[in-house]
Amino acid sequence: MLVLEDVHTHYGKIEALHGVSVEVKKGEIVSLIGANGAGKTTLLMTVCGSPQASAGRVILEGRDITNDATSNIMRSGIAIVPEGRRVFPGLTVEENLHMGGFFNTKSEIRKSQDHVYELFPRLKEREHQRAGTMSGGEQQMLAIGRALMSKPRMIILDEPSLGLAPIIIQQIFEIIGQLREEGITVFLVEQNAHQALSLADRGYVLETG
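Numbering (the UniProt record's numbering), first residue to last: 1 to 209.
Hints listed in this document are in silico derivations from the structure and should not be mistaken for laboratory results. Treat each hint with caution, since some may be false.
[Unchecked claim] Subject to a maximum C-alpha distance of 27 Å in a straight line, what follows is the list of computed DSS-like cross-link-like pairs (lysine-lysine):
#: 1; residue 1: K151; residue 2: K106
#: 2; residue 1: K26; residue 2: K111
#: 3; residue 1: K124; residue 2: K25
#: 4; residue 1: K111; residue 2: K124
#: 5; residue 1: K13; residue 2: K26
[As the list claims (entries may be wrong)] Quick list of simulated restraints, FRET-style, between CB atoms:
#: 6; residue 1: K25; residue 2: L91; range: 29 to 39 Å
#: 7; residue 1: R110; residue 2: F88; range: 46 to 56 Å
#: 8; residue 1: R57; residue 2: A193; range: 41 to 51 Å
Even glycine gets a Cβ: it sits at the ideal position worked out from N, Cα and C.
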């Protein structure tokens, strides 16, 4: 479904990725592990087109998206849950979810929202609560829920366990496994190697780009 072929990425004159090749097949959970500063987030953002690869190719479902705009890539069936969650703190849970379904019709938004509430009953309980007043675990649930609102065929998660209590991490990883059962392909970046690899079909290790 997603293939990176000998991808190089630069920030100015600094090369952050030095010829990375990765394949994520449809229906898989693939984990990418590595130390801080190894380039994991850069790789994910290169997939999303910001920054674009300076060499190599990024292919999604057989189509070369290397030079596509981020907005077009997001409309191609990919959704991302960024590191640090990045929910809109001043908006309610429901309003945050609606931001994730921005390109959908009202009926599609309602259907997707109901599905998110099935996955995360706590979000239904907090529906009218401002996201900034929620716990880190609840915000992570919301970030995943928001990504699912666009009905993606593939979801990219960047360090979903970061800063969370062990019991919440377990809940989050159970949901990630459930997404695979629903046919959603998952590309997971995670420092918690044991947790990530125990869930994944395959794993890659990235070391200094």
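Run the structure past the numbered hints and jot down the numbers of the failing ones, going up.
3, 5, 7 and 8
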